[in-house]
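As they're listed, the protein sequences go chains A and B.
Residue 1 is where the first sequence starts when you use the working numbering, and the numbers rise one by one after that.
Residue 1 is where the second sequence starts when you use the working numbering, and the numbers rise one by one after that.
Honestly, the hints are just simulated from the structure, not real lab data.
Any given hint could be a false lead.
To be clear about the criterion: a stretch of chain B counts as covered by chain A if any three or more of its residues have a C-beta under 8 Å from a C-beta of chain A, and this derived list gives those stretches [what the hints assert, rightly or not]:
(1) 20-26
(2) 40-54
(3) 63-75
(4) 103-109
Heads up, the beta-carbon is just placed ideally off N, CA and C, and yes, glycines get one too.
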Amino acid sequence: MIVVFLLPILTGVMLVHGIWPDRDSKILVFKAFLGIGIGLGIWSLLYFLYLLWFAGRHGFIVIQVIIFIVLLAITIWKERKRGWGFLPHWNFRSLTRTQGILAAFSCVVLLVSLSSTVSYLLRRKQGDWDAWMMFNRAARFVYRDQANWLESFSPRMDPIFHADYPLLLAMNIASGWDTLGNETPHVPMAESALFAIGCAGLMVGALACIKSVGQAALGLIILWGTPVVVNEGSREMADIPLAFFILATGILIYLYVLHKKPGLLALAGLTAGLAAWTKNEGSVIVIAAGLALVIAFFREKPLRALGVYALGLILPLSIVLYFKFFLAPPSDVLSNGVARSIAQVLDPSRHAEILRFYWGEFLGFGRWGIPGLSIGIIPVLLIYFLLFNSGAVKKYPGAYIAGITMLVIQALGYYAIYLITPYDLTWHLSYSIERIALQIFPLVAFLVLSASRSPESVFDSHAVD
Amino acid sequence: MIKKSLDIYARSSKWLQQGAIVLIALAGLYASVQNLISTKYLGSITDDPVADWEIRFAPLKEQLPFKRGVVGYISDSNIPGVTYNTPNDEGEYVLAQYVLAPIIIVRGTDQEWNIGNLDKPAYEIWSKSNQGQFIVIPFKDKLYLFHRLGK
């Protein structure tokens, strides 16, 4: 079981380190968590390719081990050339009192929320509704008759089971079962928890790199102190993995503005492509991040930035397009036909209904359940930004223009889908809007916290922000 | 005077910021503890309703002459005049597909092999209106396999 996930994670970490060989200890932490999602994503793509050529042979583990050993050898060779002095030196005594208190507090929140995750997973061993309908179901279709796995995408399947959905989670689960030779629910359980932990780790690592330890601890408290994030991370669904890739793409573009290392944009392309391999909505982030780059770097050779971004995008996007054009049945969301879709787009009552739900989610998403406090986390974050604005938005405008562009385009993409959905609009909105908000919430939280003064500057008189 | 006012403003602003951070930290801790407590209402750790569903369908699955293919599926909602709970009916349909994978289920009885997930009254109504068209193989827990004759 450990090998099933350790190989992809270590491969992901080595790949990230190979593309972005920075050795700062905080950046290493960020790269370790980024490696979780990238590793799982890359192995999911490779398992898909493996099945296309070798379905029924059950030899994927051999390929995994060979690739891992080759990557390990390359990493060791490259690191030996640079000298081993990079190993991080952790000095907890250097933490200020504020940092120590906040770090300890965030660890308590983390432990409590991790316990919630474990408790949830143990009580819902096979995940929740969408996991049965889509991700774990698709994994069963592939694993239980691997030789004929292509029949899993039959157009005869009821559209509610979404056989057209991208396969990141299903491929990982099926390959895990394939390696273990056993259809254990522990594989999807572990995968779900890993993405949830990875998402929190990305936030903590990035804020520690960009701001401070105190801000990173606060980011962890906000992310993992929000029940909907913790619970969705335990449901074996694709919303937290998608949130992971959206957050990673936003952070990598932010880091590119700071460090100007092209490898970061290539990684952003990779994570955006993996978002498209996770869920249909993930395709929007591919376009959103591309447009964000053009707008943010309009005055500094946007084509070059786009070119590097596209380089990272090639592998995942090619596979997504192949899957969509040659294997997947038509999507139910697009099944209305042109005439009916246009009629729906022109119907003002639909716009009003969508805006009403958007506003409701803006006010109420991520409620903490505190008696008397009915507002959600987004207004709290906006008030927090007004109180703590550090001026980073003016200092790094490209980073925030890119991040906000991504969020706006993603929200518009969801809006367009709701407009043309063939399902009852109120039902569709009620069923999905909280998870849609969840997909972009970590990036919203990251942008707000990265643009705000750190707790150290408020509590420690000598601290500079 | 102005300096004093600015000083008071700066100090009150700092207190506000300190208060905001403390409140957020406490709210996050409170919410995470409440959330942990609430997970106990999700059911027992020893229960796995989906695995029970798997066991329920296992004998029926063994009777099917293929491992991958398409079978029909009907439930109480397909029988006119029978009362049923819509969310339960939908949930059972989803679970049936989940446990039967990689067999595809489609609504209706147009296939050669069809599954009936029917309460007794619903089965009796269905049986009367479909006499002579199917061989019926009954299973435990209100499950039936219908083999269409003459296909």
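Verification of the supplied hints:
For the region 20-26 of chain B, the stated coverage by chain A is satisfied: 4 residues place a CB nearer than 8 Å to a CB of that chain, which reaches the threshold of 3. Look at the region 40-54 of chain B against chain A: 9 of its residues bring a Cβ nearer than 8 Å to a Cβ of that chain, three or more, so the hint holds. Remark: the region 63-75 of chain B is confirmed as covered by chain A, as 3 of its residues place a Cβ nearer than 8 Å to a Cβ of that chain, reaching the required three. Given as covered by chain A, the region 103-109 of chain B passes the check, having 4 residues with a CB less than 8 Å from a CB of that chain where 3 are the minimum.
In summary, the structure agrees with every hint in the numbered list given earlier.
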